[in-house]
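From first to last, the protein sequence lines stand for chains E, B and V. 1 is the number of the first residue of the first sequence in the numbering used here; add one for each residue after it. 1 is the number of the first residue of the second sequence in the numbering used here; add one for each residue after it. 1 is the number of the first residue of the third sequence in the numbering used here; add one for each residue after it.
Keep in mind that the hints were calculated from the coordinates and are not lab data. Fair warning: there could be bad hints in the mix.
As the list claims (entries may be wrong) - Taking lysine to aspartate or glutamate pairs in the EDC-like style, the calculated list, with each CA pair at most 16 Å apart, reads:
1) V/Lys105 with V/Asp95
2) V/Lys15 with V/Glu210
3) B/Lys181 with V/Asp95
4) V/Lys102 with V/Asp125
5) B/Lys20 with E/Asp99
6) V/Lys3 with V/Glu210
7) V/Lys178 with V/Glu335
8) B/Lys21 with E/Glu194
9) V/Lys258 with V/Glu152
To be verified - Sample of chain B residues with no beta-carbon within 10 Å of chain V, all distances over it, derived:
10) Thr68
11) Val94
12) Pro116
13) Val128
14) Leu183
15) Ser186
16) Ile189
17) Tyr192
18) Leu207
19) Val255
20) Leu273
21) Phe278
Since the structure is predicted, the reported quantities are computational estimates derived from the model, not experimental observations. Don't be surprised by glycine CBs; every beta carbon is placed ideally from N, CA and C.
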Amino acid sequence: MTQDYIRQRERRTGWLLILPALLVLLLVYAYPILRAFWLSVFTENLSTNLEPVFSGFENYGRMAQDGRFWASLGNTAIFTAASLVLELILGLGVALTLDQAFRGRGWVRTIAILPWALPTALIALAWRWIFNGEFGVWNDILMRLQIIGNPINWLGDPNWAMLGVIAADVWKTTSFVAILLLAGLQSIPQDLYEAHAIDGATPLQSFRKITLPLIMPQILIAMLFRFAQAFGIFDLIQVMTGGGPGGATEMVSLYIYATVMRYLDFGYGAALVVVTFVILIAVVAIAALYLSKVRHAAGVEE
Amino acid sequence: MTTTHPTATPQANATGIPWKKVLLWSAIALTVIFSLGPPMWELLTSIKTNSAITADSVVYFPSLDQFTVEHYVQLFQRNQFHIYIFNSALVAIVSTVLCLGIGSPAAYALARLRIPGEQIVLACVLVVTLFPYILLFLGLLDLVRALGLANNYLALIIPYTAINMPLTILVMRSFFQQLPKDLEDSAKIDGYNTVQMLWQIVLPMTLPALVTTGILAFIFAWNEYIFALTFITRESMKTIPVAAAQLGGTTLFEVPYGPLAAATVIGTLPLVLLVLFFQRKIVQGLTAGSVKG
Amino acid sequence: MAKLELQNLTKAYSKTVVPVKDLSLTVDDNEFLTLVGPSGCGKSTILRMIAGLEQVTQGTVSIGGRDVTPLAPGDRNIAMVFQSYALYPHMTVYDNMASGLKLRKLGVGDIQKRIQSASQVLGLDPLLDRRPSQLSGGQRQRVALGRALVREPDVFLLDEPLSNLDALLREQVRADLKQIFERQESPVVYVTHDQTEAMTLSTKVAVLSEGYLQQLDAPNEIYRRPANRFVAGFIGSPQMNLMTLERVENSVLLGEFKIELPDAARKGSSVILGIRPEHVRLPQEGDCQIVRGDVFLVENLGMSDLVSVRLHGSDDRVLRAMLPADATWSRENIELALPPQSIHWFDVETEARLTS
């Protein structure tokens, strides 16, 4: 056998081309995660004069007893679940609308993806202003429609604040879901609908029997991305409510940030990072497994 | 069926109210109002006088005597917003260029060259796109301190290059795979080595893809908040999102609603323009990066 | 003394997928070798191995006595014309032709001189500043050719360069190609599935099938004396009549008609008879091997008619004959002569040619 010279050359240049990107990824992704795992078995806070002292799984034990951690985890779960469901419904609605043929569709599409492109921190400012208890436009609209009688301090009231941040997140990311779903809708051949209509199906039946199964892969991918983003949401909440009032909107990410930056408790912060990471990876792994099944099923049906 | 006439057929509907059209245009109107409402409200707020902003009954459209540009003037004169714009632009542009420069060769290698471990690298790149930044900031903070990069643009440029790397690799790879192979074969015979071929033949041909990817990378870098908040504390080096979020009034109790709205408008304007001009490319890039990848 | 030599060349993707098997051949200066065969015969793989685009599994490629097997394509001093032309879309015609020369550190003056002379030959002068997207298919093809010519390589490789042109243009460019490469000294290897191109352009034709070299000869030799049944059936249009016939003593039976076997073919229980339709003729004086049958199909080819005849005494034996178009052939009983010197005999088992 002759040596595979071409392959050797490809391998050499290939690694050369990949190496810089790989280094950057390792530095910014792998190092911090590994570092968090390492640091999580140390106590490093003001009581140790910020020197790392090995403490085994003490941080994890502390976490189990930490009511604030569990509360933040609960908040995150509520926020994530509510956002995802609402975004999916609204995103599907927008995608179905944009999939129709009408005059000015290009403009409407441009407008519809706008929310996704805007900086979350600035959008948080905008929504903070909309939900303002004194001068907010949302109160004004609701009062004009006589839905509420007195102004509500949306973000200052623990009962309403969560709703406020969910609304802002749904506004910001529905367009992302819609873009992905629209791509899925556009890949469905029109003759499938025509054939189905000839068979006597109503539009609603077509939607359930053709549209939904065929865009299931896109739905799952969108949900996967959105889950990861919503689970780690930081900027929106930090700017809108700072986790308040009274911790009503404190997410895991805000708790981690406060633990590290305000309480300077690096070891415990690292343990919080590790747990968040593990939860995220577990959910993603399950979703990815399910996704590959659905993709396979959709591929077979096509 | 929405019609009450038992004999009604879809054709009969056409003579009455065209429900389908009504439904479609309501959906379109809702989509537009939903998407434009909040930014529009910020824009309207930003050009109202303080007394109009805090009027007892909400002023929607400012009359002539309620109109002002003072909030914008104040942002640039007192708050030095041009510096933040410069910082944001610098960090976003440099990291975008770096990301394309480093990411495209990697994407090419993953698309065309057969390397052992290719699948593993790809899988890692895919998973990494899902990591929220909060998981990274603690370790990066360590790095920034160890390397003495606090209050250095590099403390943002390097992470921004990295967070856009997976997207760049996935989008560019899918474009490279669509290129006809003959051109690269022809270049090899002409005597180009792989690196020359990439720079002189392949990348010029994928210019549209580079623009697509670059726009997305720019948007993500411009919008990033948590790293900018943590690694940059010097006022003169802050980026727009952080500076805007930290905008305070002259006294502790005065909330500067007008300037806040104006800052939001300034910070979002570049992105609005990007979306206006490159809507198609953004959609194309997003779907290529997530769906096909 | 640039000369291309392939020794025991083999390409294997796996144990069972072996597109090229143990191929050895040489192409000398002033030779034009065409690799021809049906798709999947390995002809393109051979070309790509010569170019260095495809890894050789076994064997060597030498150019001018130098073993180039381990070298990258750019270090072999070859030029290649692709079926898709593969012009760089972002470069002008001039830059397309100059790119390979610039990489070889040729002086600007030299580059200009070479491009000038090539563009004169190819009529590209007015197009030098254009981009490929502004050119017609035929013009692109000429630019691709020009890019190869200016390189003044040791070997020219052409991969189905005419197949993207429409039929009319193809014929003209084919003639141009012949003239252009007759003036070049370096050997040419040309890949096509089109036998007309193979026959008209080459000094030497290699017929390939399933990775094996079936015959390597001058075009008229291939036509006159096909080495085996595959070559006989592949070269020549309309296709040669090929029939497996039972041997009875020193002759075979074609329907009710007896055909004498030459000495070399007198073995085995049956043999394959081959005769080109253009060699089947109406009986003339002195013709001895005459068959009769019924005409059931007449295809007008312009200059002549291709007449399909069902032979008497056999239900399914069909003989096709090229007959002058000046008569009408309808459902009639017809007599046809099979001149013995035009009949090819092939072994049933090996399918190899029996007569010399």
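Evaluated hints:
{"no.": "1", "hint": "V/Lys105 with V/Asp95", "in the structure": "14 Å, holds"}
{"no.": "2", "hint": "V/Lys15 with V/Glu210", "in the structure": "15 Å, holds"}
{"no.": "3", "hint": "B/Lys181 with V/Asp95", "in the structure": "20 Å, violated"}
{"no.": "4", "hint": "V/Lys102 with V/Asp125", "in the structure": "20 Å, violated"}
{"no.": "5", "hint": "B/Lys20 with E/Asp99", "in the structure": "14 Å, holds"}
{"no.": "6", "hint": "V/Lys3 with V/Glu210", "in the structure": "26 Å, violated"}
{"no.": "7", "hint": "V/Lys178 with V/Glu335", "in the structure": "41 Å, violated"}
{"no.": "8", "hint": "B/Lys21 with E/Glu194", "in the structure": "20 Å, violated"}
{"no.": "9", "hint": "V/Lys258 with V/Glu152", "in the structure": "58 Å, violated"}
{"no.": "10", "hint": "Thr68", "in the structure": "50 Å, holds"}
{"no.": "11", "hint": "Val94", "in the structure": "26 Å, holds"}
{"no.": "12", "hint": "Pro116", "in the structure": "16 Å, holds"}
{"no.": "13", "hint": "Val128", "in the structure": "33 Å, holds"}
{"no.": "14", "hint": "Leu183", "in the structure": "5 Å, violated"}
{"no.": "15", "hint": "Ser186", "in the structure": "4 Å, violated"}
{"no.": "16", "hint": "Ile189", "in the structure": "5 Å, violated"}
{"no.": "17", "hint": "Tyr192", "in the structure": "6 Å, violated"}
{"no.": "18", "hint": "Leu207", "in the structure": "8 Å, violated"}
{"no.": "19", "hint": "Val255", "in the structure": "54 Å, holds"}
{"no.": "20", "hint": "Leu273", "in the structure": "27 Å, holds"}
{"no.": "21", "hint": "Phe278", "in the structure": "21 Å, holds"}
Going down the numbered hints, you'll see the structure goes against 3, 4, 6, 7, 8, 9, 14, 15, 16, 17, 18, while the others check out.
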